[in-house]
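Those protein sequences? They're chains L and A, same order as listed. In this text, residue positions in the first sequence follow full-length UniProt numbering: the first is 1, and each later residue adds one. In this text, residue positions in the second sequence follow full-length UniProt numbering: the first is 1, and each later residue adds one.
Hints in this document: simulated from the structure, not taken from any laboratory. Mixed in with the good hints there might be a few duds.
[Stated by the list, open to error] Capping the alpha-carbon separation at 25 Å, the derived lysine to any residue pairs in SDA-like fashion look like this:
1) A:K169 <-> L:P59
2) A:K220 <-> L:A60
3) A:K217 <-> L:P59
4) A:K82 <-> L:M107
5) L:K185 <-> A:D140
6) A:K139 <-> L:G96
7) A:K139 <-> L:P163
8) L:K123 <-> A:K220
9) L:K9 <-> A:S229
10) A:K72 <-> A:T20
11) A:K158 <-> L:D65
12) A:K139 <-> L:G186
13) A:K72 <-> L:I120
14) L:K126 <-> A:R86
15) L:K126 <-> A:A146
16) A:K169 <-> L:I28
17) L:K123 <-> A:T20
[Said to hold, decoys possible] Computed footprint of chain A on chain L; a stretch qualifies when at least three of its residues, placed anywhere within it, have a C-beta under 8 Å from a C-beta of chain A:
18) 86-92
19) 164-178
20) 199-208
Yeah, the Cβ is synthetic: ideal placement off N, Cα and C, and Gly gets one too.
So the chains spell out like this:
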Amino acid sequence: MGQQDIREKIAKRAEKELKDGDYANLGIGMPTLVANYISQHKRLMLQSENGLLGIGPYPAEDQVDPDLINAGKETVTESQGTSYFDNAESFGMIRGGHIDVAVLGGMEVSSNGDLANWMIPGKTVKGMGGAMDIVHGAQRVIIIMNHLNKNGDPKIVNTCSLPLTGAEVVTKIITDCAVIEVTPKGLMLTEIAEGYTVEDIKKMTEPDLVVSEAVKLEAY
Amino acid sequence: MNKILSSFEEAVKDIYDEATILVGGFGLVGIPENLIIALRNSGAKNLTIISNNCGVDDWGLGLLLQNKQIKKMIGSYVGENKEFERQVMANELEYELVPQGSLAERIRAGGAGIPAFYTPAGVGTPIAEGGEVRSFNGKDYMLQTAMTADFGLVRAAKGDHMGNLIYNKTARNFNPLIAAAGKVTIAEVEELVEPGELDPDHIHTPGIYVQQTIEGKQEKRVERLTTRSSAKG
Numbered sequence: 001m002g003q004q005d006i007r008e009k010i011a012k013r014a015e016k017e018l019k020d021g022d023y024a025n026l027g028i029g030m031p032t033l034v035a036n037y038i039s040q041h042k043r044l045m046l047q048s049e050n051g052l053l054g055i056g057p058y059p060a061e062d063q064v065d066p067d068l069i070n071a072g073k074e075t076v077t078e079s080q081g082t083s084y085f086d087n088a089e090s091f092g093m094i095r096g097g098h099i100d101v102a103v104l105g106g107m108e109v110s111s112n113g114d115l116a117n118w119m120i121p122g123k124t125v126k127g128m129g130g131a132m133d134i135v136h137g138a139q140r141v142i143i144i145m146n147h148l149n150k151n152g153d154p155k156i157v158n159t160c161s162l163p164l165t166g167a168e169v170v171t172k173i174i175t176d177c178a179v180i181e182v183t184p185k186g187l188m189l190t191e192i193a194e195g196y197t198v199e200d201i202k203k204m205t206e207p208d209l210v211v212s213e214a215v216k217l218e219a220y
Numbered sequence: 001m002n003k004i005l006s007s008f009e010e011a012v013k014d015i016y017d018e019a020t021i022l023v024g025g026f027g028l029v030g031i032p033e034n035l036i037i038a039l040r041n042s043g044a045k046n047l048t049i050i051s052n053n054c055g056v057d058d059w060g061l062g063l064l065l066q067n068k069q070i071k072k073m074i075g076s077y078v079g080e081n082k083e084f085e086r087q088v089m090a091n092e093l094e095y096e097l098v099p100q101g102s103l104a105e106r107i108r109a110g111g112a113g114i115p116a117f118y119t120p121a122g123v124g125t126p127i128a129e130g131g132e133v134r135s136f137n138g139k140d141y142m143l144q145t146a147m148t149a150d151f152g153l154v155r156a157a158k159g160d161h162m163g164n165l166i167y168n169k170t171a172r173n174f175n176p177l178i179a180a181a182g183k184v185t186i187a188e189v190e191e192l193v194e195p196g197e198l199d200p201d202h203i204h205t206p207g208i209y210v211q212q213t214i215e216g217k218q219e220k221r222v223e224r225l226t227t228r229s230s231a232k233g
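Generate coordinates for the entire structure from the input sequences, incorporating the hints supplied.
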């Protein structure tokens, strides 16, 4: 499976985390793809932290408005019922717990739900943008990422080696191989993607996993 | 009270070397394009710039970088600019990264007379090291202090003789916060309208925050043109 197919597979599974009636924030990169798969039967409002509640689809060529972008700086449109606001209000909305769910990318997630996704020491620092605020504000923080990094090492680790974005903030991890929830008992394996076994997932994950009694095989 | 200006050169003439300047915009959206160009032309140097991003290599605040006018940059994301990276690597530029929500609230607090506040953003991360962390109701928060600046440069869609401003869509972003936090705020407006033309109920920034207003035509460069057809696949 190519990386583009893997991204689509993860995005499609992540879409299931968005519930009818949710206010959701989708991060930059793969999380933005999730919007392409949102069921028409769900009523959702997508928040963009640069000051927009109600992101619509990408514009047609003749609809492009240079003053209307998402947090990834892509041109977008309004959905019905959109509102605009300044950045202090936008993050008040986020920090105040009004966003139901955030879907973000990840470099590393630890067994207690620490997230690292903003910098690699020794490489140029680009900045954290809004990620550090969002991980503390959203009611559910879903991390979507490949299960293994480019070297074939686990990205789900006992302790993050990269600088943190937030400590104990992750609710659930969705990868190309499995769905894992962060629980007080530890990481709980709840779903396994087609082509993998429980043993495969355990081998690819550094911390011990609690396997849910209701674990779904061939879940996606 | 607000003064209407007719030249961008005049608008930035009081901005001195070593000044701290808040600049509106998110990416290239809502940036005061002509004020930045005028500031580049003025040559004021050793500036501390507070803005969410630092433009791109040949537009927005990137113009001040190219011209080596920035001593220190405070923002939340500076990854769109190769010259920024080069100057940091060469130790020519100081910078401070602040989570976007903390940056917005620090500027809001500055304009609203709140000296500091606690936020959960950054707790347990490198940015909290050496800072003050305090627990409220069992959860940790870090102290962030307010920001003000000698000058605030903002862009609005419409402005009037009193300095009242209305922004367009996501071009609002940091602009209203900056208008209030700048000791001298200069507003670049796309359209200067006649007194009484703005609906008082629709004003985003009351004129009390704005000292100078100037009309300017905007280029509005698009950083990442994404359309239905370009986004497929």
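Each hint, compared with the structure:
Distance check on the hinted pair: K169 of chain A and P59 of chain L sit about 15 Å apart at the alpha-carbon level, within 25 Å; holds. Of the supplied pair hints, the one linking K220 of chain A and A60 of chain L holds, its CA atoms being roughly 18 Å apart against a limit of 25 Å. Distance restraint check for K217 of chain A and P59 of chain L: the Cα-Cα separation of roughly 24 Å lies within the 25 Å cut-off, and the hinted pair is therefore satisfied. For the hint linking K82 of chain A to M107 of chain L, the alpha-carbon distance of about 23 Å falls within 25 Å, and the restraint holds.
As the CA atoms of K185 of chain L and D140 of chain A are separated by approximately 22 Å, the hinted pair is consistent with the 25 Å bound. Restraint check for K139 of chain A and G96 of chain L: the C-alpha separation of about 14 Å stays at or below 25 Å, so the hint holds. Distance hint between K139 of chain A and P163 of chain L is fulfilled; the C-alpha atoms sit about 20 Å from each other, no more than 25 Å. With a C-alpha separation of about 31 Å, the suggested pairing of K123 of chain L with K220 of chain A is violated against the 25 Å cut-off.
Of the supplied pair hints, the one linking K9 of chain L and S229 of chain A holds, its CA atoms being roughly 21 Å apart against a limit of 25 Å. Restraint check for K72 of chain A and T20 of chain A: satisfied, since their Cα atoms lie roughly 9 Å apart, inside the 25 Å limit. In summary, the hint linking K158 of chain A to D65 of chain L is supported, as the alpha carbons are separated by about 17 Å, within the 25 Å threshold. Between K139 of chain A and G186 of chain L, the direct Cα distance comes to roughly 20 Å. Compliance with the 25 Å bound is thereby established for this hinted pair.
Between K72 of chain A and I120 of chain L the CA atoms are separated by roughly 22 Å; this keeps the pair inside 25 Å, and the hint holds. Distance hint between K126 of chain L and R86 of chain A is fulfilled; the C-alpha atoms sit about 12 Å from each other, no more than 25 Å. This hinted pair checks out: K126 of chain L and A146 of chain A have alpha carbons roughly 23 Å apart, not beyond 25 Å. Restraint check: the Cα-Cα separation between K169 of chain A and I28 of chain L comes to about 20 Å, which is no more than 25 Å; the hinted pair holds.
With a C-alpha separation of about 28 Å, the suggested pair K123 of chain L and T20 of chain A falls outside the 25 Å cut-off, and the hint is violated. As drawn, the segment 86-92 of chain L meets chain A at 6 residues by the rule of a beta-carbon pair under 8 Å; at three or more, the given contact holds. Proximity of the segment 164-178 of chain L to chain A, defined as three or more residues with a beta carbon under 8 Å from a beta carbon of that chain, is established by the 5 residues found. Check result for the segment 199-208 of chain L against chain A: violated, 0 residues qualifying (beta carbon to beta carbon below 8 Å, three or more required).
Checked against the numbered hints given earlier, this structure breaks hints 8, 17, 20; the rest are met.
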